[in-house]
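Q: Please build the complete structure, drawing on both the sequences and the hints.
Spelled out from the first residue to the last, the chains are:
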Amino acid sequence: MANSNLPRRIIKETQRLLSEPAPGISASPSEDNMRYFNVMILGPSQSPYEGGVFKLELFLPEEYPMAAPKVRFLTKIYHPNIDKLGRICLDILKDKWSPALQIRTVLLSIQALLSAPNPDDPLSENIAKHWKSNEAEAVETAKEWTRLYASGA
Amino acid sequence: MASAGGTVVDGGPQLYFCYECNRTVTVTPSPNTDLLCPSCDGGFLEEYEDPNPNPNPHLPLDPFSPFSDPLSVFLSGFPLLFSSSSSDPQNPRNFPNLFSPTRSSYAQDPHMFDPYAFLQNHLAALAAGGANIEFVVANNTSSEQGFQLPANLGDYFVGPGLEQLIQQLAENDPNRYGTPPASKSAVNALPTITVDDGLLSSELAQCAVCKDDFERGMDVKQMPCKHVYHSDCIVPWLELHNSCPVCRYELPTDDPDYENRTQRETGSGNTNAVSGSGDGGSPGQRMVERRFRIALPWPFGAFGSPESSGSGDGNNSGNNGGGSNPGGYTYVEREQEKKMLIDYLTQCLLCFGWRISCTLEACIMCDKRMFDYDSSISEILLKVEEWGFHCETMDGYRIYYNED
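First to last, the sequence lines map onto chains A and B.
Those letters in the first sequence? Residues 1 to 153, by my numbering.
Those letters in the second sequence? Residues 1001 to 1404, by my numbering.
Because the hints were derived from the structure by calculation, they are not lab data.
Honestly, I wouldn't trust all of these hints.
[Said to hold, decoys possible] Listed below are the simulated DSSO-like cross-link pairs for lysine-lysine, each with C-alpha atoms no more than 27 Å apart in a straight line:
1. A:LYS12 x A:LYS84
2. A:LYS94 x A:LYS129
3. A:LYS132 x A:LYS76
4. A:LYS84 x A:LYS55
5. A:LYS94 x A:LYS76
6. A:LYS12 x B:LYS1211
7. A:LYS84 x B:LYS1184
8. A:LYS76 x A:LYS12
9. A:LYS70 x B:LYS1211
10. B:LYS1221 x A:LYS94
11. A:LYS94 x B:LYS1226
12. A:LYS94 x A:LYS12
13. A:LYS132 x A:LYS94
14. A:LYS84 x A:LYS94
15. B:LYS1211 x A:LYS94
16. B:LYS1226 x A:LYS70
17. A:LYS55 x A:LYS96
18. A:LYS55 x A:LYS12
19. A:LYS96 x B:LYS1184
20. A:LYS96 x A:LYS70
21. B:LYS1226 x A:LYS12
22. A:LYS96 x B:LYS1221
23. B:LYS1211 x A:LYS96
24. A:LYS132 x A:LYS84
25. B:LYS1184 x B:LYS1221
26. A:LYS12 x B:LYS1221
27. A:LYS84 x A:LYS96
[Claimed, not checked] Far from chain A by the CB rule (all over 10 Å, computed), these chain B residues:
28. ARG1023
29. ASN1188
30. PRO1191
31. GLY1198
32. LEU1199
33. ASP1212
34. PHE1214
35. GLY1217
36. SER1231
37. PRO1236
38. SER1243
39. ARG1248
40. THR1253
Glycine residues also receive a C-beta, built at the ideal position from the N, C-alpha and C atoms.
A: See the structure below:
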């Protein structure tokens, strides 16, 4: 089955993610598919997402690590580089993927993206516009959404 | 009215199917305003026509009629090459016969943007400018005798075939993003070194691909940037991309376009070789050949091929769509259909200079973002029209851009 052939690297990565989780990040494989991870990222402090608990899903495709993991936010989030389907605009998930990267580094990059929204390379045009035209207000909306959707309740 | 390419003649109320509300609505079209659904104000309307009473009152007879010939309309006049041995590549002109006649309900209303007319015109313009456009449908498993085109190639693009197409084009290809493969000769030329204590005590003591520690005496491959990997780890990567996993140092490739481009970029920086946009300037002096290859998955496996395909070489052609009834539609939920259509159109637009960037479509030249799932189809296509012509340089996925 899907899990019988799990490459050693994935097993190692999983063990390390569970035994030494990165601060503010948890990732655990699903019971029936070791390539599918339930991920939680805490909103970084001093970002509009502070206090939020963001759920993501991460899937390691068959080609991994020759191809990037597929990652998506499940929690609604107001961020110029994340669209309403939760898709993330992050170069290392696309053309800048390298097999030297791993689940941990990908999740750390996503966490960093929450601290540093980049409205100049937007995935959500409307949010990016908002961000550029009135950053304070956009940040307020992001905080509001964090309260509404990511309160972890 | 469906087949007539004319205009809306009278001003009486007409039935439309609203793709937002998923039902028919009555609208009185006016030449001066956009068609809008009276209940949701959406613009994603299709003229509704019911020449033969439909047993299912909730569906128009041909639920996909505006889109049922996505390829045929704009492909007619362009060679469609089948890489299958069962096709007749010598005689591609046969294929246009297989497409049903052009029809597009968009064409009936001069105020609506007609995507296929637009695509066709744009393709024609590209061809006139020296572009050589090929559509390649790869046949991986189907047998010769099983070769059977559906009555209308457009049928392929609804149901499981469409999903396959989108999946292949959009998601499932690890080669889609990033740099091209390293050249075979460069890979073969990589020196093999033996792991010694010096290496083991350095920061290079672990293979960055498999994350295993090296062992003394082991043979490893060394990149010109000095990073070392197990041969079994680095070679498969270099077969996909030419970069060092750790530092992105790039090996030479066998892709002349890529090499030219990188040279140009490091050189004069003139990346836009085509003096695009229809100001009629350039034809003449320098003929620029632009060659497009769009690889589509083999569409006909699901359609009545006698199961001799066998060989199961693990590709994803055909047969995984579940119960496909031969030659028939698999009904796709409308919302899903709309989403797929957007995907599909954006995919098609790849060959006109657009590519996917960060899963959202953007032009590599002007870097404009185009689409959102919120956009209505006509909105999207108007944007295409607005931006399409100053985005002339090709890049990316299975699109080759040659300059001679």
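Q: With the threshold set at 27 Å, check whether the alpha-carbon distance from LYS96 (chain A) to LYS70 (chain A) stays at or below it.
A: Satisfied, since the Cα-Cα distance of roughly 14 Å is no more than 27 Å.
Q: Classify the label on LEU1199 (chain B) as holds or violated, using whether its beta-carbon is more than 10 Å from each beta-carbon of chain A.
A: At roughly 17 Å from the nearest Cβ of chain A, LEU1199 (chain B) sits farther out than 10 Å, so the non-interface label holds.
Q: Tell me if the straight-line CA distance from LYS132 (chain A) to LYS84 (chain A) falls inside 27 Å.
A: holds, 19 Å
Q: Are the Cα positions of LYS84 (chain A) and LYS55 (chain A) separated by 27 Å at most?
A: Judged against 27 Å, a Cα distance of about 14 Å means the pair holds.
Q: Beyond 10 Å from every Cβ of chain A: is that where the Cβ of SER1231 (chain B) lies?
A: Non-interface label stands for SER1231 (chain B): nearest chain A Cβ at 14 Å, farther than 10 Å.
Q: Determine whether the non-interface label on PHE1214 (chain B) survives the test: each CB of chain A must be over 10 Å from its CB.
A: Label holds. Min Cβ-Cβ 15 Å, cutoff 10 Å.
Q: If you draw a straight line from the CA of LYS84 (chain A) to the CA of LYS94 (chain A), is it 27 Å or shorter?
A: Distance ~19 Å between LYS84 (chain A) and LYS94 (chain A) Cα, so the pair holds.
Q: Holds or violated: LYS1211 (chain B) and LYS94 (chain A), Cα atoms, limit 27 Å.
A: Holds, at about 21 Å.
Q: Between the alpha carbons of LYS132 (chain A) and LYS76 (chain A), is the straight-line distance 27 Å or under?
A: The given pair, whose Cα atoms are some 21 Å apart, holds under the 27 Å limit.
Q: Given the hinted pair LYS1211 (chain B) and LYS96 (chain A), is their alpha-carbon gap at most 27 Å?
A: Holds, because 19 Å separates the two Cα atoms, which is no more than 27 Å.
Q: Does the alpha-carbon distance linking LYS132 (chain A) and LYS94 (chain A) stay inside the 27 Å limit?
A: holds, 25 Å
Q: Please confirm whether ASP1212 (chain B) is truly not at the interface, meaning its C-beta sits more than 10 Å away from all C-beta atoms of chain A.
A: violated, 7 Å
Of the numbered hints given earlier, the model fails hints 1, 7, 8, 16, 33, 37, 38 and 39; all others are met.
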